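Protein chains in written order, with this note's numbering: chain Y, 2 to 108; chain S, 20 to 353.
Rather than coming from a laboratory, the hints here were simulated on the basis of the structure. All figures in this text were calculated on a predicted structure; none of them were measured in a lab. By construction, the Cβ of each residue, glycine as well, lies at the ideal position given by its N, Cα and C atoms.
From the structure, some residues in chain Y lie toward chain S, with a derived Cβ separation under 7 Å:
1) Thr41
2) Cys42
3) Leu47
4) Cys48
5) Thr50
6) Asp71
7) Glu74
8) Asn75
9) Pro77
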Amino acid sequence: MVNFTVEDQEGNRQAHEAPEDMGLSLMEILKAYEYPVLATCGGMALCATCHVEILEGKDGLGEATDVELDQLENLPEYYPTSRLACQIRIGDILEGAVVKLRGEDVV
Amino acid sequence: MIHTDLCIIGAGPVGLFAVFEAGLLKMRCHLIDALPQIGGQLSEIYPQKPIYDIPGYPEVKAQDLVDNLMEQAKPFKPTFTLGERVDHLDKQADGSFIVTTSDKTHVHAKVIIIAGGLGCFEPRKPVLENLEKFEGKGITYMVKDPETFRNKKVVIAGGGDSALDWAIYLSKVSERVTLVHRNETFRGAPDSAAKVFDLANQGKIDLILSANLKEVNGNGKLDKVILEGKSKEEIQLDADYLIPLFGLSPKLGPIAEWGLTIDKNAIEVDTRDYSTGVERIYAIGDINTYPGKLKLILCGFHEAAIMMHSAFKFVYPDQKLSFKYTTVNGVNAF
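Next comes chain S alone, as it looks inside the complex:
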């Protein structure tokens, strides 16, 4: 069990800045994010794109902003659980919470801050009958441990960078790797595409182009992937694993079931302190909504500062909070 003052769900720019604001008030933070890296959509979707509306930065690259925010948060020693989705939130008798992730990591926190942006990024799933039946029983959307696929028959579907990269990597590990792509060419990195064609020529990857996933079959566990080829013919593949890699899309996920008031996929908050309708749960950044809300990073920063002053009373119920400037007091690291 991880013990912390504040558990921040979402390690995007607003979640990271919240660590700094919490630190100024001597509150410790643990952050959880479904993505395997910090930075939220900035790092996942547009790391190299410029942002022009961060105060004090006429122009800053998204990833540079994330790096700087991490640097700014560093004195307050945030801890992280990455690549795991928050699934459950259980209120304790003393008002605190225990958070449980998809990988059964438990975090005990006095206050919960949801800084989840547009939700957690989840893999896009192909539309196939029985797909759910085989999830975790041969169908997986992420390669967490390549060893899982050692000496197995693996079918990868998709044509982007991750499909190419994993096909190349697993060709060294798995018994057989088949890469299925709907087109004749790949739009991923040209080097990776060339490598895949090369490996296919050497017989190390089975490359099936102009084909689509059609069916998955098995008896309790996946053992066949059926494709539809170029001329609508059926192609049957023996498979221990199917890895569909069609990118990620954001979903609100289990947050929707925590008794919060949700309006159009966003959590309604009180603008005095960005608290939700549930005591000790706050929501900041793109995931909240209120009259006049703007989904801007700079608005999330503002919300983080305000909400920390409200959360203080739950972490230090016996202390009176006095407002201090960093220029006067400096940043006192933990």
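Okay, chain Y solo, but in the shape it has when bound:
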């Protein structure tokens, strides 16, 4: 199990754990925990509705791909710490990370 923290729109933090051996993405885990993430395109890095900010532990996650950056840089609000949750695989790299839900898409 990997342990990480999610900060919601109101700034409330909650610790979570997720299995690293099921090939899940962070977006899928956020949805499973019933966070209000739309994930319109289902994880193809095409809609940017799973926009998150990695407040802590970003370096371990590696660089965003061009496809992901295409989406992120087109958002009205974009931060150096921005990522698409659908493009982050659950694994040891996420251990200890703090993820903040972003964006006007959260309903």
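Using the hints, position chain S against chain Y.
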């Protein structure tokens, strides 16, 4: 006023297949979609992506599926209102409805079918104070008629394809076009980006890079856009129009106010016929929810077939519906 048997809200794959199923039962359809083209998220978000779980197609490109669905629906002559959002739904004394769109198109229908997917795609808005105050008074998120911008001072914000394309187009029409982008480079189509830099060198576009929108001002109507530049300096621009182009995101929109039972942004339906709690309103595809719901196109197709058999009684109250196979009866075009 457009008169039809069924008004389908949403022209995505499920809405299009619903036309076919309705047609088999001799019911006519009018479809309304907020996007300017049919196909819903398939055409808008991933037209070139393959889909692998459509029965009978080991692999099909999203746009090809939409094209085929349109071909399949064609014998039943569906009509469309595109680029308009459904804003109001008014029940009439005889049980029918009048639908009103954002552009005041009126559709009279005996039955309403909501096949709205995740909602209507609406433009993403920048977070700016007073933004709403100037919407329709200088701030617009879509270029519907380029003539609106003739001989005007226009500021476009964004760095994607549509920002580049409109900057190029409007540079020929407007008095002045300023393109504001937060980075030094563009991620849009390289050809378009090169053209924009070229036009900027010729003095036909003002290009302001590494800058962000900061404020909008005006007296009843937009007249100034204020940016924050690279070194946090303030840049003031005279502007008749600001067009922020930051892509689209789906919103449930006015559907949420129609008295339907909504759970987590989806409409609760009865799985016997995918009817909502309001008589003559059905919901099919990704926009509905019920125990065991799967948001799959193929599930939406199934829901469309079932619900049409239920809706028949509202369109032909005096007729008895008999179930027929297309292989036996063929497809009898209108």
